[in-house]
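Undergrad: Please construct the entire structure, taking both the sequences and the accompanying hints into account.
Quick note on the working numbering: the sequence shown kicks off at 1 and runs consecutively.
Keep in mind that the hints were calculated from the coordinates and are not lab data. Every residue gets a Cβ at the ideal spot worked out from N, C-alpha and C, and that includes glycine. Certain hints may be false.
To be verified - Okay, the calculated beta carbon distance ranges per label pair:
{"no.": "1", "residue 1": "Ala-33", "residue 2": "Ile-11", "range": "44 to 54 Å"}
{"no.": "2", "residue 1": "Asp-12", "residue 2": "Arg-36", "range": "18 to 28 Å"}
{"no.": "3", "residue 1": "Leu-32", "residue 2": "Tyr-6", "range": "18 to 28 Å"}
{"no.": "4", "residue 1": "Arg-4", "residue 2": "Glu-34", "range": "43 to 53 Å"}
{"no.": "5", "residue 1": "Leu-38", "residue 2": "Tyr-6", "range": "43 to 53 Å"}
{"no.": "6", "residue 1": "Glu-20", "residue 2": "Arg-41", "range": "22 to 32 Å"}
{"no.": "7", "residue 1": "Gly-7", "residue 2": "Arg-41", "range": "19 to 29 Å"}
{"no.": "8", "residue 1": "Val-14", "residue 2": "Leu-38", "range": "21 to 31 Å"}
{"no.": "9", "residue 1": "Arg-4", "residue 2": "Arg-28", "range": "14 to 24 Å"}
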Amino acid sequence: MLQRIYGMMDIDYVNIVRIEHVNKALERWPLLAECRQLAERRD
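TA: The structure is reproduced here in structure tokens:
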């Protein structure tokens, strides 16, 4: 709504810190990484 009123651009937000935390968790717990791969294959 504010975008239309003030002519604001649509900005894509990427949470870099979250991505880093997820990647570190996947390195620490290989089973978690394997589960993620299986879930991605199903999608």
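Undergrad: For every hint, state whether the structure bears it out.
TA: Here's how the hints hold up against the structure:
no.	hint	in the structure
1	Ala-33 x Ile-11: 44 to 54 Å	31 Å, violated
2	Asp-12 x Arg-36: 18 to 28 Å	23 Å, holds
3	Leu-32 x Tyr-6: 18 to 28 Å	42 Å, violated
4	Arg-4 x Glu-34: 43 to 53 Å	45 Å, holds
5	Leu-38 x Tyr-6: 43 to 53 Å	44 Å, holds
6	Glu-20 x Arg-41: 22 to 32 Å	24 Å, holds
7	Gly-7 x Arg-41: 19 to 29 Å	42 Å, violated
8	Val-14 x Leu-38: 21 to 31 Å	25 Å, holds
9	Arg-4 x Arg-28: 14 to 24 Å	44 Å, violated
The structure is inconsistent with the numbered hints 1, 3, 7 and 9, although it conforms to all the rest.
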